[in-house]
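S.K.: Sequence lines, in order, name chains A and B.
Last residue of the first sequence: 301 in the working numbering, with the numbers rising by one and none dropped.
Last residue of the second sequence: 231 in the working numbering, with the numbers rising by one and none dropped.
A hint or two may mislead.
[What the hints assert, rightly or not] Cβ pair distances, simulated, as ranges:
(1) Leu151/B - Asn272/A: 55 to 61 Å
(2) Val198/B - Glu129/A: 47 to 53 Å
(3) Asn272/A - Gly58/B: 36 to 42 Å
(4) Ile172/B - Asp217/A: 53 to 59 Å
[Claimed, not checked] Here chain B is said to cover these stretches of chain A; the calculated rule only asks that three of the stretch's residues, wherever they fall, bring their Cβ under 8 Å from a Cβ of chain B:
(5) 74 to 82
(6) 128 to 134
(7) 149 to 156
(8) 159 to 165
(9) 195 to 203
It is worth saying that the hints were derived from the structure and are not from the lab.
Glycine included, C-beta positions come from ideal geometry on N, C-alpha and C.
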Amino acid sequence: MEGDSLLAKFRFYGEGLKDVNLDSLSGRLIVLEGPDSVGRSTQMCLLREWLESLGHAVSDTGLTRSELTQEGLDQAKSGHTLGRKTMSLFYATDFADRLENQIIPALRAGYYVLSDRYFYSICARDIVRGADPQWLEGVYGFALVPDMVLYLKTDVEDLVPRALYGKGFNYWESGMDLAAGEDFFDSFCVYQSRVIKELNLMSERYGFVNINASNEPSVIFNDLKEAIKPILTNGVVDY
Amino acid sequence: MNRVFMPGIQRCNLYNNQQSLQNNKSGSLIVVEGIDVSGKSTQIHLLHRWLLSEGYGVFFSEWNSSPLVKGTTKLGKKRKVLTPTTFSLIHATDFADRTEHQITPALKAGATVLADRYAYTAFARDMARGVPRNWVRNLYSFAVKPDIAFYFRVPLEVSLDRILTGRAALKYYEAGMDIGLSDDIRECFKLFQQRIMAEYDSMVDEYGLTVIDGTKSIEEQQAEVRRIVKERLSLGDGVLSGRR
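The following block holds chain A by itself, in its conformation from the complex:
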């Protein structure tokens, strides 16, 4: 297992968290990124099953699931009184809580952590709302660099039917607070194309692995598995 210790070297984007001993993190951090309604949760389930079948312990985590901020954030978002800086920082708090209280302990315990999005999505949404990318990069300097970021890449034409026949258009996912369009549909198209544009820029900047998300779910799943294989440690069974 000599190769493992080499692969396991984590680092932070910025100055990081001083109490975390990076050498003690023996797990893997794999992030699934992509816009709203692109089908991330389906793939998360499939990946989890697959990794477990290989004998790896899996921990999954998603945006706004932190115990600390869940209630406060839900409340704030339902009232539409959330200012933009406040929103940026509330989400950063949530992300930090999940990183420190869920992701890092799981990595320490040798888990494969599958993260349904990471700070990239939060930043993309903030930037679309006018935040300074440089400021955000500073704020998220405490974040761990994942082993791999898989980016489900698509365009807004492809998202529309998925959103419509899925959960429908919601206020925040349609960027209604930006008053970008006449109605939910127009606004959704304008807002999501801007978010996608930002994610595409980040894909280059942070070296995401792009996966074509316009394909059938089974094809996407195969592409994801192929992408992950090189960073897998020895499982109980061969893949």
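With chain A's structure known, arrange chain B on it following the hints.
M.R.: Frame of chain A, contents of chain B only:
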């Protein structure tokens, strides 16, 4: 007047409209800082009464008071799940909410805004908890630069004496128990306050804090505060901004 808080990163404004917000400001911002029981809240209260009696439009904003964020902070403190990073971020969220909903609009409307604790509190406490200096300063780079920032300085022994004899129970985060400087809460509080004070002292020159000797009588301190406010905020015709 340059309204950007962080001299070093002026171009790194948080929001595109920040510059215009800063330039549109017509009111004045006065903040008070200092360690616990330094007497700053008494002083700002007396300043508030005076400004009102003089006929100014005054708006008061207190640290850690945003209704939107309060529940989360309370929960985190109660369950003791806040790390130095999340402690810092949740207070910055609170500050952002108050900046967006209270401080900036009030300043634009021409009021005199008084703040009990400001970004300097975060700088002092967070750095005492070992959070990287540049990180926390970047976090607060959207803050409006105060016209006057009073720092009520009391020797550590005075503060310790006041708080350790005056109140029964020290709180967990207030005493810095989360970073474990000592298992004994009183000892921990002392060590933690010492660090915070060192941070405040180092900010006096950097941010041009106006130091008030907190060991003087309440009346003496208030007289000095009023004199400085009058002097610094007076315009050509000797009128404070925000006068109704």
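S.K.: Each hint should be assessed against the structure and marked as holding or not.
M.R.: Now for the hints, and whether the structure bears them out:
| no. | hint | in the structure |
| --- | --- | --- |
| 1 | Leu151/B - Asn272/A: 55 to 61 Å | holds (60 Å) |
| 2 | Val198/B - Glu129/A: 47 to 53 Å | violated (42 Å) |
| 3 | Asn272/A - Gly58/B: 36 to 42 Å | holds (40 Å) |
| 4 | Ile172/B - Asp217/A: 53 to 59 Å | holds (57 Å) |
| 5 | 74 to 82 | holds (count 5) |
| 6 | 128 to 134 | holds (count 5) |
| 7 | 149 to 156 | holds (count 5) |
| 8 | 159 to 165 | holds (count 3) |
| 9 | 195 to 203 | holds (count 5) |
Consistency with the previously given hints fails for number 2 only.
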